[in-house]
Amino acid sequence: MLITTALIFSACNPFSASEKSGSGIAEDGLEIFFSEHVERERSETTPAELKLLMRMSTKKIMPCMNYQISFRLSDYGRKPRVRDIRLLSYGLPGQMCLTALGPAIGKVDFDRHKGSYRLLIRDGDLKDSFDLEITDEYVRVVPDAATFTRATHDVYYRRPENSFYFVCGTTNDMGHLCDDFHHKMKGELTVSEFTFPDDGWIPYPEKSSGNHYNHPTRYYTYDNVEQFHRAGELLEQFTHDEIGDKQGISLSIMNWIDEGYRSWQMQSR
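Going by this note's numbering, the first residue of the sequence shown is number 1, and it counts up by one from there.
If you're looking for bench data, these hints aren't it; they were derived computationally from the structure. We put the CB at the ideal spot given by N, CA and C, even for glycine. Just so you know, nobody snuck in bad clues.
Listed below are the simulated EDC-like cross-link pairs for lysine to aspartate or glutamate, each with C-alpha atoms no more than 16 Å apart in a straight line:
(1) 107 / 31
(2) 59 / 28
(3) 114 / 136
So the derived label-pair ranges between C-beta atoms look like this:
(4) 195 / 76: 31 to 41 Å
(5) 173 / 206: 15 to 25 Å
(6) 150 / 74: 21 to 31 Å
(7) 64 / 199: 34 to 44 Å
(8) 153 / 226: 27 to 37 Å
(9) 76 / 137: 25 to 35 Å
(10) 91 / 198: 38 to 48 Å
Go ahead and model the full structure; you've got the sequences and the hints to work with.
Below you can see the structure in the form of structure tokens.
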């Protein structure tokens, strides 16, 4: 059974002349990248959800940063299941140009897709193919026959449910604060520290940036969200007791659905 959906711009005849001639994107190349994004409903009682997306971006840099890729998506087959993307064109979705340079972008929803897939990306008569393995932990991308499309990584790790990360940057003489707060959380909270494998893209920052001393990020999981909120309370207490009005020090914790606490916002309280 064939399911066809037109995205970004209006649909065309499946075998129109424009599709046969291609979008021109293949001439300069295309990059694909998998990541999760938080989606929240307007209702506060509805929990936030993570959505898995594949981002396509042109190698060619456009004169406006809001250029978009128009494409047609088809899902079919069983063994293997196939996601077939036909590139149609690229351009501005409206008349307004956001005056900064950037690639044209297209996003494909992979939220409810798990298991093994064959990914096809077509531009005119050209066709690239990849084998995808999608699990709760990662997305693995294996090129089968790819000439104009490149995945930025072989493996994309996903955000573990009920996880959070601790980012710490300080002045050169205050680096001990990073370990001090880590030990405080481990001593007063029910959390487990973990690490990501080093063979793929990590969905959280790997270290702080912009400070004289940038400590590697630490990652944790919790059984109950109250433990994360309690970590926020500990950070506020730690900020008042150990940081005070000192400058150049930034500690923050952020969880898997982008809820967070930041020391520099607590200094003014």
